[in-house]
Amino acid sequence: MTSHRWYTPWLLIAPALLWLAVFSLWPAINTGVLSFTDVHTLSGGRFIGVHNYALMWHDPQLRDAILNTLIFMAVCVPLLTFLPLLLALLVQRTLPFMGFFRTVFYFPVIASAVVVALIWQWLLDDRGLVNGLGRQAGLLHGALPFLTDRWLLLFSAIALTVWKGLGYYMVLYLSALGNVRRELHEAAAVDGAGTVRRFWAVTVPGVRGTMALVSVLIAVNAMRVFSELYILGGRTGGIGGQDVSLVMLIQQAAAGSDGRIGYASALSVLLFVLTIGPLLLLARWNRRTD
Amino acid sequence: MPGIRAGLALAAIAAASLTGCGVGGAGSTASQQTVASDAQLKGTITFQTWSLKNDKFTPYFTALIKDFETQHPGTTITWVDQPGDGYADKVSSQVTSGSLPDVINLPQDIAHSVAKVGGLLDLTKNVPTLAQDYVHSGVAAYTYPDLGSDGFAFPWYLGTDVSYWNKAMLQRDGLDPAKPPRTFDELVAQAKVMHDASGGRDYLMSRPPGLSDIVNSGTPLMTSDGRTFAFNTAGAAAMLDKYTAAYAAGYLPSNVLTSTYEGNSALFTKQEVAWTTGGGNYIESTLQSNPSLAPQIVPSPALDTAPLYVQGISVAARSRNLPLALAFGRFVTDDANQKAFIKLAPGFLPGSAASAADPAYSRSDGTAQGDASVIAYQDMQKAVIFTPPVWTDAMNTFLNQQVALAMTGKEPAEQALDNAVNRANQLLGQ
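These protein sequence lines map, in sequence, to chains F and L.
Take 1 as the starting number for the first sequence in this note's numbering and just add one per residue.
Take 1 as the starting number for the second sequence in this note's numbering and just add one per residue.
Bound conformation, chain L alone (with noise of 0.2 Å):
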């Protein structure tokens, strides 16, 4: 009998984890809510941003807030900020929890997940005047295909990479630094020349390939109509043969692949490597952390085609206040407000489309910043996103090792690349 009673027990408490253990979210009737637009303004919202407490930025949000608060009577906006890492983690528990914060920044992939599950309000339904508001990059950025044609965030501020040169290394090792490499192959030509001058002790390449250049390479990875993948042409592996070439030949640290590799920018920082790239405003964030390298930082274009990265500002479809949440979210990201908080972060550019084409971006000070601020923009014109939303941390973690076993000589390039679409293909149906 014990043993009966036991079992009854265990299978009781089995039956309660399977009915609790859903954690779907508000699905797709709270994202498609339609929210009065004539709706009376007050009471309290949450708003969150991503790691932009600081010196710099928080008498920014402080008079933000105010400003909203003074022109809405009877509102109160508690504004929360999370720490750079762990940032998906933070928000993934709060969906999960039914905390998340009524109004919300987040980057296009975090957003993504948050959507599928009904957490986000669709503002093309709420907003009829999104698409002429707000830059198309940007829209675009939060309206994915999986999801039909609804958009999930105002954008907000947009950035890209710039390439960063280290000009006495350059010069040291018989390089123009006026004459930067353009293009992946000038890349590792100039590479070579350095590994040669410097008798291997400096490095022009230091990061493996990923989705990024798979792309350049003028692969798309995933089929026209976006349900699978199909990065596994001739042309990725030429690319991943290349790189492979140049790690064989001592273009690359030889730890690139390995646990001790510090990444491209820290071999940057250190002078070990002379080229890495960042965002609009790396030479200005140099200058307080490492003022002795940044006046040997030379910008020029990132190679090939630029990344573009979005920030934007989401409205919780589960708020409680949803007339308030739209209204501010609306407010923060139109134009005067971006343009005031994009004069505090030089290098990128506003989401808003009247101040997007600003001519004053595209204006130099002459500074090496004020280049790589007009550089930024110029490359933002023509950026792209290469990651697709539905690209998973599984689908890059096993990515990055085939690519590992191609660099290395273990596995031809095209049976590594077959194996990571293979894999990626089986993933997404999981």
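Chain F extracted, bound-state conformation (with noise of 0.2 Å):
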């Protein structure tokens, strides 16, 4: 039997470890403490306690990136959760041509950001595709303004990022189904359980640990949602910055070569409070429902 040093598992996870210290933990660790400091893109640098955080009382635009930024979650999580499953199970099934849909499924998720972007803009524009079609259809007079209405704007970029997520979390569900024991189902069948019953008995139970790395990847993915609100809302993040969200806010804090990196580090650290609470309260309901 060979026996190894005290230190090569160590030397073994030394690369990963040292990945970890410089790019997550020194720039983590780094922000809280910029947070209390007046640092700008150039300038400052001096400890001025907790005026940074004093300072969120009197930001106009917070109250509006918490509230979006929650909601994107609420609504982002139960749906990116469910949704993939049920596509999963639609494709898992072996018919003709079903390759071909699990890659159309899958396309949003290597789509460029770009092309995402005018695709979508082109879709919700007031002279774009579904006004378009909802005029001809005589079912609008007006154009709906998917793209200047705050609330719009903002289920628009919810179903931007469900669309472009959906491929991904179905792929993560493929592999827990095929873990599935198919005689579950068939047991459960012959005992008169139908389509839904034994989707809520059986396959629900049988996926619920990929369901609840979903369900986290998906929190935090969309607290920290950036892209979706700044496609369709554009830099201001719609109009008067009502659809702005946290990470918005961070990024025009820092902007500019007098950026308020101090103020935006204070913003990021609220954010990580933030997203901790909601990722505690799914760890707890996932112990609880084991």
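Everything labelled a hint here was simulated from the structure, so no lab data went into it.
For each residue, glycine too, the CB sits at the ideal point set by N, CA and C.
Treat the hints with care, since some could be wrong.
Just so you have them, the derived chain F footprint on chain L, three or more residues with Cβ under 8 Å [as the list claims (entries may be wrong)]: (1) 253-260; (2) 394-408.
Some chain F residues judged to face chain L by a derived CB distance under 10 Å, without partners named [stated by the list, open to error]: (3) 58; (4) 61; (5) 127; (6) 138; (7) 141; (8) 143; (9) 145; (10) 191; (11) 230; (12) 231; (13) 235; (14) 258.
Using the hints, put the two standalone chains together into the complex.
Here it is, written out as structure tokens:
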């Protein structure tokens, strides 16, 4: 039997640990530290206590940013937890052309952000396809203000996120569904369980671990939402900045040669705190249901 | 114990970060240095331009540098050029990493940020004839009220906006290309004519209002002491109300406030909009990019007061070879070299006082481009810099947001301007 020196495992994980320390741990700690300073892009760096956190109370956009981010997460988590599962169940079947459909459903995941932006802007513009079809069908008289109404823009961004994420989470569920034993479904069917009952009683418990993982990933990504709102709302975050997210607010605060890095860091700490809360809740819910 | 050790380690890292996070720059001492005027010129420096390395300008700079190096044996000038996009970010990273080039081309807003942290040499102190050798508006552009009376750049070339009109579109909608609008009110009136004649297909107006519109409404942006913003006046609100009414009436494209807005210039190029603004060389550059549109373009003076754009050559306060950097900065912007440079850039004006007064700039060759150059020259005599150096990206974003709220009728103009002023003043102190 070969014996290992005590440091062998540490050597093996050293590259990953180094990576984490340099690119995750250090920036995270530094962000926390900077949040207590008046550092700007080119100047400052004096310790100012909790002044940046006090400034948040006077930020006219912070309330909207928190609300939008939380709504984004609250809607995205259930939609992106269950819709990809249904899609995976659909494409799991061995039917003709199913490989083609799997590819089609996965396509938005690999589509470039620029292409996605152009497609969705073109779809939702006042003179875009959705409004055009609505007018032609006689359903609309004017144009639905997808890109100028606060709530329509927010929910359009949610729709874009769901569309873009479906394929990715579908693939995760497909691998999990392969581990759900066929006999369980057959036994449930023999006992008279219908499709819906089998879904809740057999499929969902069988993929619960993947569901937990998926819901956590979605929650974290939703709290960090930026590109979808930026694509549809522009750099100002929609009309009047009403569709700004927390990450957009951080970007706006830190932008330019006069960027308020200290304040942006304080906002990042707030985002961290707000993200940890829902994650702990999700973890607790998962433990309870296990 | 491990918990205590981990806590101590984190505290140590935090302390190290705190002491290391200052990026304060050189401080005012470096910028106030006096450079010996009789020092021997030798060694190597770096010279940075902004988006000027191309077929048109590269031969000029190559010859310019060779000329200087020949006149001063033992000197080497390394020329670098930065791409057009993200220049402010590039300069910021150069400042924070201590690698700002010795001689650098900076517009006045970026120069202000760098000067504020002591990154640029005070030229007023080191070049006693600065005010006489260079045009007043150029020197003033690089003298910032919040930084005292120091000047931080040699004015290099000056530009302004000229109005450009699509003759075919104007004629098609019953407007006279020989009488384009000269004021904002005339613009709105002719936009209505175009809208009504084309059934809403053609547009004359295609951009939301900004700082320049506020200034053109007769509103000073700041109080007389330059300490606070105060552009929430009745005049500015009336201007915003006119924009709101024009937008509601369909005189501007409906997507002008959304992410699908391509910009005034792109819409002009696509011939969906009959008016745009551009530099004095716009027709010449359009001739290369869109030859069919160029012959249709008619230039006219900018609406109301024209904006002034200035490019300057600054010297880095931390340069290790200040005598050479200062001498080369003066050389690039001396009268002869500015004249030669401007020959390659019609529509711009040199920043040296002697050549700026050259009557040749006020004579057109009879072409539309020639007319545009003369208009630019005339406009520049009374053009003003609209954007105060203390105006930041965050303030601009907030103003744009409030303007959008007003134009969509979600907020009264007065309220929108009050909010913008309050937020700008809040940010001013941060």
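Here is what the structure says about each hint:
1. 253-260: holds (count 6)
2. 394-408: holds (count 9)
3. 58: Because about 6 Å separates residue 58/F from the closest Cβ in chain L, which is inside the 10 Å limit, the hint holds.
4. 61: Since the shortest Cβ distance to chain L is 8 Å, the answer is holds.
5. 127: holds, 8 Å
6. 138: For residue 138/F, the interface hint is violated, since the closest Cβ of chain L sits about 21 Å away, which is over 10 Å.
7. 141: violated, 15 Å
8. 143: Holds, because the Cβ-Cβ distance from residue 143/F to chain L comes to roughly 8 Å (cut-off 10 Å).
9. 145: holds, 9 Å
10. 191: Constraint on residue 191/F not satisfied, violated at 53 Å.
11. 230: holds, 8 Å
12. 231: Holds - the Cβ of residue 231/F comes within 10 Å of chain L, reaching about 7 Å at its closest.
13. 235: This hint holds: residue 235/F lies near chain L, its Cβ roughly 7 Å from the closest one there, short of 10 Å.
14. 258: With Cβ-Cβ at 4 Å, under 10 Å, it holds.
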